[in-house]
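Student: Keeping their order, the protein sequence lines are chains A and B.
Count the first sequence with my numbering and you get residues 1 to 80, in order.
Count the second sequence with my numbering and you get residues 81 to 316, in order.
Just so you know, not all the hints are guaranteed correct.
[To be verified] In silico BS3-like pairs for lysine-lysine, Cα to Cα no more than 27 Å straight-line:
id : chain 1 : residue 1 : chain 2 : residue 2
1  : A       : K65       : B       : K114
2  : B       : K237      : B       : K213
3  : A       : K10       : A       : K76
4  : B       : K237      : A       : K11
5  : A       : K11       : A       : K40
6  : A       : K10       : B       : K297
7  : A       : K57       : A       : K19
8  : B       : K208      : B       : K308
9  : B       : K208      : A       : K65
10 : B       : K208      : B       : K114
11 : A       : K40       : A       : K4
12 : A       : K11       : A       : K52
13 : A       : K11       : B       : K235
14 : B       : K213      : A       : K65
15 : A       : K10       : B       : K213
16 : A       : K57       : A       : K10
17 : B       : K308      : B       : K297
18 : A       : K2        : A       : K52
19 : A       : K2        : A       : K19
20 : A       : K52       : A       : K40
21 : B       : K213      : B       : K152
These are computed hints drawn from the structure, not numbers from a lab.
Take a look at the letters that make up each chain.
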Amino acid sequence: MKAKIIITPKKAVLDPQGKTVQTALAHMGYTDVTGVHIGKYIEIDLAPGTDKAAAHKALNDAAFKLLSNPVIEDYKLEIE
Amino acid sequence: MNFAVLQFPASNCDQDAVHAVRLLGHSARLVWHKDASLGDTDCVIVPGGFSYGDYLRCGAIARFSPVMQAVKQFADNGGLVLGICNGFQVLTEAGLLPGALIRNRDLQFHCENIFLKTATIDSPFTNKIPAGKILRVPIAHGEGCYFADEATLAKLKANNQILWQYCDQDGNLTDSANPNGALQNIAGICNDQRNVAGLMPHPERACETLLGSDDGKWIFESIFAALKNKPVAQAA
Chain A
1 MKAKIIITPK KAVLDPQGKT VQTALAHMGY TDVTGVHIGK YIEIDLAPGT DKAAAHKALN
61 DAAFKLLSNP VIEDYKLEIE
Chain B
81 MNFAVLQFPA SNCDQDAVHA VRLLGHSARL VWHKDASLGD TDCVIVPGGF SYGDYLRCGA
141 IARFSPVMQA VKQFADNGGL VLGICNGFQV LTEAGLLPGA LIRNRDLQFH CENIFLKTAT
201 IDSPFTNKIP AGKILRVPIA HGEGCYFADE ATLAKLKANN QILWQYCDQD GNLTDSANPN
261 GALQNIAGIC NDQRNVAGLM PHPERACETL LGSDDGKWIF ESIFAALKNK PVAQAA
């Protein structure tokens with residue numbers, strides 16, 4: 001079992017990496033790109049047979065407390 | 081006065097902070113991050129560096145070190161806590177200060193002298209800074225851009241919690257004097273109780289003219305003066 005957590009900067013937060021990459025893409029001719037947002041992807045291995053609902057609850061808590069900073073980031077959690 | 085300077089894996093301004101406090105005539109000692117107690121302490125300094133390699137986010141992992149529980153309790157009891165650079169990042173991650181420090185807007189690591197304007201002398205960290213004095217102190221960081229949402233920023237302003245702002249040598253808060261893109265040129269803030277403060281610049285590296293500036297000493301002198309007039313906080 002795996003948990004996947006995608007962390008992205010909040011809309012109101014300056015994202016200089018995203019802006020720089022967007023400019024680079026424009027220079028390469030990708031003119032349809034209207035925004036780039038750079039975040040983090042975290043994969044967490046879970047023991048086989050782990051209770052999915054319990055894992056979801058625990059990892060939500062971990063994502064809020066440690067894996068993301070709610071002041072500047074949003075996250076999405078998926079377990080498969 | 082007794083200063084406790086925390087030491088995390090990859091702290092690297094811990095010895096500088098100890099040196100600065102001793103140079104200015106007070107005692108300081110290092111407290112290892114695994115210690116659950118601060119011992120006899122009047123003020124805690126969370127020093128600069130790259131605690132835990134800055135993995136995940138700057139300060140994100142250090143805040144879970146056992147010593148941080150003691151720091152939180154010390155702060156809750158009114159004890160003075162100053163976070164410098166990475167220490168500021170640790171204090172925001174720990175929720176002891178509002179907002180967050182994000183990547184510098186130009187993506188560059190800045191290592192240079194900057195000028196600081198003191199926004200208020202109404203705090204234990206600024207009370208001795210001479211009126212109108214522009215402090216010249218170094219910065220050395222890649223993630224020092226202060227961010228807070230609009231509501232938090234409004235609260236900081238309303239409560240006079242902004243302590244220092246980046247300025248030019250004449251004290252003007254210009255965009256070109258802002259090294260990292262921090263909102264409102266914010267270099268340092270305090271909590272609403274005014275006993276916990278953090279700043280990105282390094283006052284401990286500017287306490288003797290041999291190092292190019294001794295302006296940083298005014299921040300330490302402010303702390304000494306505040307401690308003299310204050311009952312001792314209960315160390316955790």
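Student: It remains to establish, for every hint, whether it holds in the given structure.
Tutor: Status of the hints after comparison with the structure:
Of the supplied pair hints, the one linking K65(A) and K114(B) holds, its CA atoms being roughly 20 Å apart against a limit of 27 Å. Pair hint K237(B) plus K213(B) holds up; C-alpha atoms about 21 Å apart against a cutoff of 27 Å. At roughly 12 Å between alpha-carbon atoms, K10(A) and K76(A) fall within 27 Å of each other, so this suggested pair holds. At most 27 Å may separate the alpha-carbon atoms for a hinted pair to count; K237(B) and K11(A) meet this at roughly 23 Å.
For a cut-off of 27 Å, the pair hint linking K11(A) to K40(A) stands: about 15 Å separates their Cα positions. Distance restraint check for K10(A) and K297(B): the Cα-Cα separation of roughly 38 Å exceeds the 27 Å cut-off, and the hinted pair is therefore not satisfied. For the proposed pair K57(A) and K19(A), the alpha carbon gap of about 34 Å is over 27 Å, so the pair is violated. For a cut-off of 27 Å, the pair hint linking K208(B) to K308(B) stands: about 13 Å separates their Cα positions.
Restraint check: the Cα-Cα separation between K208(B) and K65(A) comes to about 37 Å, which exceeds 27 Å; the hinted pair is violated. Using a Cα cut-off of 27 Å, the hinted pair K208(B) and K114(B) is violated, with the two alpha carbons roughly 34 Å apart. A threshold of 27 Å between alpha carbons decides the hint, and for K40(A) with K4(A) the separation of about 11 Å falls inside it, so the pair holds. The straight-line distance between the Cα atoms of K11(A) and K52(A) is roughly 30 Å, outside the 27 Å bound, and the hint therefore fails.
Proposed proximity of K11(A) and K235(B) is supported: the alpha carbons are some 21 Å apart, at most 27 Å. Between K213(B) and K65(A), the direct Cα distance comes to roughly 40 Å. Violation of the 27 Å bound is thereby established for this hinted pair. A distance of roughly 37 Å separates the Cα atoms of K10(A) and K213(B); the hinted pair therefore is violated under the 27 Å criterion. A hinted pair counts as satisfied when its Cα atoms are at most 27 Å apart, and K57(A) with K10(A) qualifies at roughly 22 Å.
Proposed proximity of K308(B) and K297(B) is supported: the alpha carbons are some 16 Å apart, at most 27 Å. Proposed proximity of K2(A) and K52(A) is supported: the alpha carbons are some 10 Å apart, at most 27 Å. Of the supplied pair hints, the one linking K2(A) and K19(A) is violated, its CA atoms being roughly 31 Å apart against a limit of 27 Å. The hinted pair formed by K52(A) and K40(A) meets the criterion: a straight-line CA distance of about 23 Å does not exceed 27 Å.
At roughly 32 Å between alpha-carbon atoms, K213(B) and K152(B) are farther apart than 27 Å, so this suggested pair is violated.
In summary, the numbered hints that this structure violates are 6, 7, 9, 10, 12, 14, 15, 19 and 21.
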